[in-house]
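Chemist: Can you make the complete structure from the sequences, with help from the hints?
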Amino acid sequence: GDMVEIGEDSEKEHRYILEVCELLKFDCVWVCGKQFKKVSTEFEGVSGFESTDQVKEYVKENPAQLNSQILIKGSRGMKLESILDVV
13 GDMVEIGEDS EKEHRYILEV CELLKFDCVW VCGKQFKKVS TEFEGVSGFE STDQVKEYVK
73 ENPAQLNSQI LIKGSRGMKL ESILDVV
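Each residue of the sequence shown is one higher than the last, beginning at 13 in my numbering.
It should be emphasised that the hints constitute simulated quantities derived from the structure, not laboratory data.
Hints are supplied without guarantee of correctness; some may be wrong.
[Unchecked claim] Below, a list of computed lysine to aspartate or glutamate pairs in the EDC-like style, where the Cα atoms sit at most 20 Å apart:
| # | residue 1 | residue 2 |
| --- | --- | --- |
| 1 | LYS72 | GLU56 |
| 2 | LYS24 | GLU69 |
| 3 | LYS68 | ASP97 |
| 4 | LYS37 | ASP65 |
| 5 | LYS37 | GLU20 |
| 6 | LYS24 | ASP39 |
| 7 | LYS72 | ASP97 |
| 8 | LYS91 | GLU69 |
| 9 | LYS50 | ASP65 |
| 10 | LYS46 | GLU17 |
| 11 | LYS85 | GLU25 |
[Unchecked claim] Simulated restraints on C-beta separations:
| # | residue 1 | residue 2 | range |
| --- | --- | --- | --- |
| 12 | PRO75 | GLU20 | 33 to 41 Å |
| 13 | GLU23 | GLU73 | 27 to 35 Å |
| 14 | CYS40 | SER63 | 15 to 23 Å |
| 15 | LYS24 | ASN79 | 34 to 42 Å |
| 16 | LYS72 | TYR28 | 14 to 22 Å |
| 17 | LEU36 | ASN79 | 14 to 22 Å |
| 18 | LEU83 | GLU23 | 30 to 38 Å |
| 19 | LEU78 | GLU25 | 30 to 38 Å |
| 20 | ASP21 | ASN79 | 19 to 27 Å |
| 21 | GLU17 | LEU96 | 31 to 39 Å |
Quick reminder that beta carbons are idealized off the backbone N, C-alpha and C, glycines included.
Modeler: Laid out in structure tokens, this is it:
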């Protein structure tokens, strides 16, 4: 989820996180928030959602496979913990 407290370096730092994800070769990366969605188009295999509600709807329609590991991280303002209600 967007890191809303970063300020003027926001775009650079969001892009950096996706560069790290690319290096780590995750099977799947979903990002949430306007800033992450904006930079996600630069990265292959990254799904960008504008809101937590959009992620929740996607998860409801596409449940995680058994033995999946999900890392949820974002600013408190994103309220990503609400995704746990549908996982």
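Chemist: Each hint needs a verdict: does it hold in this structure or not?
Modeler: Taking the hints in turn, this is what the structure says about them:
Taking the CA atoms of LYS72 and GLU56, the gap is near 24 Å; set against the 20 Å cutoff, the hint is violated. About 28 Å separates the Cα atoms of LYS24 and GLU69, which puts this hinted pair outside 20 Å; it is violated. Of the pairs offered as hints, the one joining LYS68 and ASP97 holds, with about 8 Å between alpha carbons and a cut-off of 20 Å not exceeded. The suggested pairing of LYS37 with ASP65 is violated, with an alpha-carbon distance near 26 Å, which exceeds 20 Å.
Only pairs whose Cα atoms come within 20 Å are accepted, and LYS37 paired with GLU20 is rejected, the gap being roughly 28 Å. Among the hinted pairs, LYS24 with ASP39 is inconsistent with the structure: their alpha-carbon atoms are about 23 Å apart, more than 20 Å. A distance of roughly 10 Å separates the Cα atoms of LYS72 and ASP97; the hinted pair therefore holds under the 20 Å criterion. With a CA separation close to 15 Å, the supplied pair LYS91 and GLU69 stays within the 20 Å bound.
Note on LYS50 and ASP65: the hinted pairing holds, with a Cα-Cα distance of about 17 Å set against a maximum of 20 Å. In summary, the hint linking LYS46 to GLU17 is supported, as the alpha carbons are separated by about 14 Å, within the 20 Å threshold. Restraint check: the Cα-Cα separation between LYS85 and GLU25 comes to about 14 Å, which is no more than 20 Å; the hinted pair holds. Hint check: PRO75 to GLU20, Cβ distance near 39 Å, so the stated range 33 to 41 Å holds.
At about 30 Å, the beta-carbon gap between GLU23 and GLU73 stays in the expected band of 27 to 35 Å. Checked against the given bound of 15 to 23 Å, the beta carbons of CYS40 and SER63, roughly 19 Å apart, stay inside it. In this structure the supplied range 34 to 42 Å holds for LYS24 paired with ASN79, their Cβ-Cβ distance being about 35 Å. A beta carbon spacing of about 31 Å between LYS72 and TYR28 contradicts the range 14 to 22 Å that was offered as a hint.
Range check, LEU36 to ASN79: about 19 Å between beta-carbon atoms, so the 14 to 22 Å window is met. Hint check: LEU83 to GLU23, Cβ distance near 22 Å, so the stated range 30 to 38 Å is violated. The hinted window of 30 to 38 Å between LEU78 and GLU25 holds, with their beta carbons roughly 34 Å apart. In this structure the hint that ASP21 and ASN79 lie 19 to 27 Å apart at CB is violated, the actual value being about 37 Å.
Restraint check, GLU17 to LEU96: a C-beta distance of roughly 22 Å breaks the suggested window 31 to 39 Å.
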